[in-house]
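Undergrad: Could you slot chain G onto chain B? The hints should help.
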Amino acid sequence: MRAINLSYTSREQVEVYRFSWPVSIGLPILLVGLQAFVPVRMPFFRIFDFGLLLTIFFAVSRRSQVSGLLTGAAIGLLQDCLTHTPFGVFGIAKTLVGYGASSIGIRIDVENPGSRFLLTFFFYGVHLLVFAAIERELMGQSVHFNLGHEAGVAVANSVMAVFLFALLNRFKIRD
Amino acid sequence: MNFFSRHKNTVVLATVLLAQLLALAVQVKRQTAEGPVRVIRLVAVTTLAPFERVMIYTGESVRRVWKNYLDLRDVRRENLRLKADSERMRLDRAREQEDARQARRIQALLSFKEQWMDTTVAAQVIGTSGTETSRLLYLDKGAQDGIKADMPVITPDGVAGKVLTVYGDHTAQVLLINDPSSGVGATLVNSRLQGIVKGTPTGEVTLNYIMGDEAVQPGEALVTSGGDRVFPRGLPIGTVVKVNMGRNLFLDIKLKPAVDLNRLEEVLVITSQKPRGPDTAGLGPIRAADILAQHLPGVPQTATPQTGAPQTPPSPAPQAAPNGQPAATAIVPRGPAQNASPAKPQTRPAASEGTRPQ
Numbered sequence: 000m001r002a003i004n005l006s007y008t009s010r011e012q013v014e015v016y017r018f019s020w021p022v023s024i025g026l027p028i029l030l031v032g033l034q035a036f037v038p039v040r041m042p043f044f045r046i047f048d049f050g051l052l053l054t055i056f057f058a059v060s061r062r063s064q065v066s067g068l069l070t071g072a073a074i075g076l077l078q079d080c081l082t083h084t085p086f087g088v089f090g091i092a093k094t095l096v097g098y099g100a101s102s103i104g105i106r107i108d109v110e111n112p113g114s115r116f117l118l119t120f121f122f123y124g125v126h127l128l129v130f131a132a133i134e135r136e137l138m139g140q141s142v143h144f145n146l147g148h149e150a151g152v153a154v155a156n157s158v159m160a161v162f163l164f165a166l167l168n169r170f171k172i173r174d
Numbered sequence: 000m001n002f003f004s005r006h007k008n009t010v011v012l013a014t015v016l017l018a019q020l021l022a023l024a025v026q027v028k029r030q031t032a033e034g035p036v037r038v039i040r041l042v043a044v045t046t047l048a049p050f051e052r053v054m055i056y057t058g059e060s061v062r063r064v065w066k067n068y069l070d071l072r073d074v075r076r077e078n079l080r081l082k083a084d085s086e087r088m089r090l091d092r093a094r095e096q097e098d099a100r101q102a103r104r105i106q107a108l109l110s111f112k113e114q115w116m117d118t119t120v121a122a123q124v125i126g127t128s129g130t131e132t133s134r135l136l137y138l139d140k141g142a143q144d145g146i147k148a149d150m151p152v153i154t155p156d157g158v159a160g161k162v163l164t165v166y167g168d169h170t171a172q173v174l175l176i177n178d179p180s181s182g183v184g185a186t187l188v189n190s191r192l193q194g195i196v197k198g199t200p201t202g203e204v205t206l207n208y209i210m211g212d213e214a215v216q217p218g219e220a221l222v223t224s225g226g227d228r229v230f231p232r233g234l235p236i237g238t239v240v241k242v243n244m245g246r247n248l249f250l251d252i253k254l255k256p257a258v259d260l261n262r263l264e265e266v267l268v269i270t271s272q273k274p275r276g277p278d279t280a281g282l283g284p285i286r287a288a289d290i291l292a293q294h295l296p297g298v299p300q301t302a303t304p305q306t307g308a309p310q311t312p313p314s315p316a317p318q319a320a321p322n323g324q325p326a327a328t329a330i331v332p333r334g335p336a337q338n339a340s341p342a343k344p345q346t347r348p349a350a351s352e353g354t355r356p357q
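For the record, the sequence lines run as chains B and G. Numbering that gives the first Met the number 0 puts the first sequence at residues 0 to 174. Numbering that gives the first Met the number 0 puts the second sequence at residues 0 to 357.
Simulated from the structure, these hints should not be mistaken for lab results.
Computed spacing ranges between beta-carbons, pair by pair:
1. B:Ala132 - G:Gly145: 39 to 45 Å
2. G:Asp156 - B:Phe43: 17 to 23 Å
3. G:Gln101 - B:Val154: 56 to 62 Å
Even glycine gets a Cβ: it sits at the ideal position worked out from N, Cα and C.
Bound-form chain B, shown alone (with noise of 0.2 Å):
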């Protein structure tokens, strides 16, 4: 077993995780088919965005940076596909969400809810304006934002990451 020794946490071993091709691969695109084929029949699945809450899940579990953003860009790519918007919207703002989660993952626990929550509510609000800014400066449209809309979604998901999490934890293998 690989263990990083940091003195940010609480002095405990950080623990590194992997996880198996099919779990790499098959999760994203079960997760992601998910979220465009349950708001048909349930419209309020929208809110979700099991992309964000899987990026940050890989991010934090394998700890690298360079794994974290690359998770990140796939997925966020695999969305960009469903959009008809230029592909790259959701890659480039999951690429910094991995990057960014990796690099706390490190720093922080993130095995209990509470830190999951945090997390998750933190990113999502990353994930919102790195979006927007892209949306605004590079492809010259007008954003509008509902904080009272996006806090309850920001919410939602980071209640969703809590549950997700511990139920992705059986596909954890220690590194």
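TA: Below, chain G alone, put in the same frame as chain B:
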């Protein structure tokens, strides 16, 4: 240790971001998704679509079985209600048929032509974009069913969107009217003002380009104008719910779509439209004076021509055409009605019934 090893993470991040930014810039410049981007999207959509189709059909089957069971329980009460509805609709239909005949006669006089829905294809919604920023649907019908880009997508309630891209034989992507990049030519039913219906980033639907000095009331209905050359004229779009003074001298008009865009499960794609004049079969030859006589109570009654007698211009024509032109310039609609017997005017309603004051 060289630079790359020391700053490996930053270099990889910069490279990945740069590559995506470049790709984005090229697409924004081109404005169309062609080349490798289209191929990547095609692969992704055709990979996900079959799974979505299977899940939709499975869910639909389970739901149908359950619904059939529930339906059996309420079938008697439902039957009585439907019978009452049927009686009421029959009366409504008789009234509307007369209105429609009158409208067709007036259209014929004006040589009015419009796009008629010729064929439609029913399609099942199998997926969405999965994001709040891109208001799209995926359908289970594609090129094999004759679906092409820019075809209108409707439901019995009204307009839903248009086909944006066709991915292979069995999948098509639909842009909903509440997407910011959509646009539908619209007419307000009462005021006849024309504008463009667009979506907003928050998924609302607005009517744009109505001048600030126009009077638009909440509750007024909107239909398609046909001016966008995508949607046929007269399809319901929605109703006005809120009117505010916006920026740039235009009104800020919010709409309630006629279609519940969040709960679309089946839609109709209009696969062909044909320009047609109104169907005047069975209405008989019509003269301008007859139409005017129906609408102007003060126009004196014309003498009804006898069966078999040659049709002569009616005597009150000068009143109907104040410029002195006789009503011999009878306007006869094209089509089957042209072959109708000259005696047919006897069957015309109102104008030849002799009820108007001489």
